[in-house]
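Please model the complete structure; the sequences and the hints are all you need to start from.
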Amino acid sequence: EIRNCDWSSDVCSPDLAPASIPDYLALVGDSADGIPGLRGWGAKSSSLILAEYRHIESIPSDPGEWTPPVRGKERLAESLQSGMNDALLYRELATLRRDVPLTEALDDLAWRGVPRRRFEEFCDRWGFGGLRDRPHRWAE
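One point on numbering: in our numbering, the residue at position 51 of the sequence shown is 51, and numbering is uninterrupted.
Hints are computed from structural coordinates only; laboratory data are not their basis. Watch out, some of these pointers could steer you wrong.
[What the hints assert, rightly or not] FRET-style restraints, in silico, Cβ to Cβ:
#, residue 1, residue 2, range
1, 127, 58, 23 to 31 Å
2, 58, 36, 39 to 47 Å
3, 103, 75, 46 to 54 Å
4, 136, 65, 35 to 43 Å
5, 102, 58, 27 to 35 Å
In this text, a Cβ means the ideal position worked out from N, Cα and C, and glycines have one as well.
Given below as structure tokens:
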């Protein structure tokens, strides 16, 4: 079960396993990360299918074998089959990598704000005067 989740959100479903979130984002897309998703796959259909099959490659290619009641399953199956390679790539892009060696401690990676002097010099040099007052947190 997903913890620390706003259950009113489209991505959150009590039946959607955390390990299925990258699959979900591959199907529906994630505009924040530039992942377009697959044509026709929305939040509801993706949640229902992934609650049952967990991962994209486990979804039967024959929509007649799908057990969840999903509208337009023939169209979704066609979209998945024609876009399977894209979906697998999107899932890889949406997966949080945990195997990257980090020498920094978590505190070292915390956001501390914008370095004021360097930022203001940058804005002045490149004519971005309208950005000078945008930061709300300045580095000490």
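Against the structure, the hints come out as follows:
1. 127 with 58: 23 to 31 Å: Violated, since residue 127 and residue 58 (Cβ atoms, about 53 Å apart) do not stay within the stated range.
2. 58 with 36: 39 to 47 Å: violated (22 Å)
3. 103 with 75: 46 to 54 Å: holds (48 Å)
4. 136 with 65: 35 to 43 Å: 52 Å Cβ-Cβ, so the 35 to 43 Å window is violated.
5. 102 with 58: 27 to 35 Å: holds (32 Å)
Hint compliance for this structure: hints 1, 2 and 4 are broken, all remaining hints hold.
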